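Colleague: Given chain A's structure and the hints, the job is docking chain B onto it.
Chains A and B, in that order, give the protein sequences.
Sequential numbering of the first sequence, starting at 1, is according to the UniProt record's numbering.
Sequential numbering of the second sequence, starting at 1, is according to the UniProt record's numbering.
Don't take every hint at face value.
[Said to hold, decoys possible] Stretches of chain A that chain B covers, calculated by requiring three or more beta carbons in the stretch to come under 8 Å of a beta carbon on chain B:
id	region
1	107 to 119
2	259 to 272
3	275 to 281
4	290 to 298
By construction, these hints were calculated from the structure, which means they are not laboratory data.
The structure presented is a predicted model; accordingly, all values stated were derived computationally and were not measured.
Built from N, CA and C at the ideal position, the CB exists for glycine as well.
There are 2 protein chains.
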Amino acid sequence: MRATLMHRAGDVRIENVPDSVIKHPTDALVRVTASCICGSDLWPYASMSPDGGPARMGHEFIGVVEDTGREVTTVKRGDLVVAPFAVSDGTCGFCREGLHTSCAHAQAGFWGHDVPDEGGQAEAVRVPLADGTLVKLPVAADSALVPSLLTLSDVFGTGHHAAVAGGVNARTRVAVIGDGAVGLLAVLSAKRLGAEQIILMGRHKARTDLGREFGATDVVVTRGEEGITQIRELTGGHGTHVVLECVGTMPAYEQAFGAVRPGGTISRVGVPQYEAAPIGFASLFRHNIRLAGGPAPVRAYIEELMPDILNGTVEPGKVFDTTTDLDGVPDGYRHMADRTSLKVLIKP
Amino acid sequence: MRATLMHRAGDVRIENVPDSVIKHPTDALVRVTASCICGSDLWPYASMSPDGGPARMGHEFIGVVEDTGREVTTVKRGDLVVAPFAVSDGTCGFCREGLHTSCAHAQAGFWGHDVPDEGGQAEAVRVPLADGTLVKLPVAADSALVPSLLTLSDVFGTGHHAAVAGGVNARTRVAVIGDGAVGLLAVLSAKRLGAEQIILMGRHKARTDLGREFGATDVVVTRGEEGITQIRELTGGHGTHVVLECVGTMPAYEQAFGAVRPGGTISRVGVPQYEAAPIGFASLFRHNIRLAGGPAPVRAYIEELMPDILNGTVEPGKVFDTTTDLDGVPDGYRHMADRTSLKVLIKP
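Chain A with its partners taken away, still in its complex shape:
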């Protein structure tokens, strides 16, 4: 079968790989019908050393179940399913608390890292712990809702997690840092949770326009001290109750603690490209700023978010501005890296 492999920074290829097959009785084999490229795929695309690859890519997909191990009970051959970006058993203590990304099962973890021989940017995927991981979709594989339903695998659930972990509610003013797909869906999520003011920080007009459509009340195009000053001017001088940091770089984090209100929360969902960062008296401590967030347990949110997609209340699939087949994936990476594509949908 054909799959996407990253050999090193800037070098993504479509190659023939051994067919994915059932290995464990809890596995399902899924024929991928829709997949995509993630903003987080751009980190290795920018920096992977040659000895880091070749790595199988892709952790967001929808597909049709082709086969199941003998212990799988919740999905069956022919079902259309969506897979979250983390594999989880759905039964351990962490899954029961809704923290599926910390599932204690030995086979749980992230595509690529913990399931190194599988990836969503491919013709098929072996899905471990299928009962815990996969969710059946009540539509056909060619439904017009597929792009929006595909965002349940990562970006919509991640934007929602940012807002939930940040404690967004109807009384909160929110700043969203980053106009990528996650940032825009953090805007949509904050709006969905009723935030009274949503300030989107981004400088790419087509994207911030979509952010306004998703619910942003203000857009700040400046960065650094100037951007922080603008946030303060828009919030009566004190900053926002919640900052959703959807980038992961140090400047984005600095922006976050500059823009947050005393007693407020910085919620991070952009994978941090740093380990140490300011959290002492001058940055977080003095004014009781809280830090929250992490990899979104998107599996926990699918049942809550899906109805809003099915009934048309939200259309998160609008973040896809490009569609390609597998052959177009290397170009898709290039276009997302140079920001000519916001997010690329793959139809293998």
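Modeller: Leaving out everything else, chain B in the frame of chain A:
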């Protein structure tokens, strides 16, 4: 009048200073009847450079109102009052939200820093924003409850804040790092909020014994990796839901993120002696660890905590193991620094 001045690290003196007097119509003048030395006073005692001093010391006191400015309405001459370690107006947006330590009033802030000419380790204090800051006590100045009521000015409220900011409740397992007065009162506070397991990390037996009396279910005397391993063994392998970090050093913070459970919270009330610290994928992000805490808005907690002291449910004043007059204050600093005193009560 006589007051405590720190001239440099290790050099604390009792000296004559100009009498405190009313300066603003919102001030009160308080004759101090009980004060104390704080663990946080030990940071400058260990490190203050000669050009940092002389600094007036003390931010925890009980006293009798001697005079009030013409706008003060809630306390009057003869009242016994307790002062929190932060001055606040009680009326701004932050005070109304219970975050008095971020009061927006121009005269608000911390004794010593924002009110540089006054300190609690003295015969008298001018208290700015008296209506917002002071709380009347329903006992006499010689009441046996004074030591416990004095802890409302800082250490009890700070331990309580650690527990509240960490989200401690009846379902949480808690680790407390530090066997100083704040750590021990964080134990008491976690117990008061119903925590099912409270593991105190400390190695000073007299203190950890008091910790057990306050509600600690376990004591861990080891530190570093060994201490983290013990916490994990005591919690079924995953660590505690909440870690109350009551020290402020980098090793204490590292201990905290080693001991906290996925999805859990590190709540810091020890003043951080670092600015940058690990918060990336490997430390906080991977498992959605939350970071909370800061200077405790103890003013917000006095009305809630005082009844438990008055009715004898709790006796936080047990953290005082030494009592002295003003002349004994320099020795008090020495004994707290070398850990022969846990906390020193001052009767000026």
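Colleague: All the hints need checking, so say for each whether the structure fits it.
Modeller: Here is what the structure says about each hint:
no., hint, verdict
1, 107 to 119, "violated (count 0)"
2, 259 to 272, "holds (count 5)"
3, 275 to 281, "holds (count 7)"
4, 290 to 298, "holds (count 7)"
Checked against the numbered hints given earlier, the structure breaks only hint 1 and satisfies all the rest.
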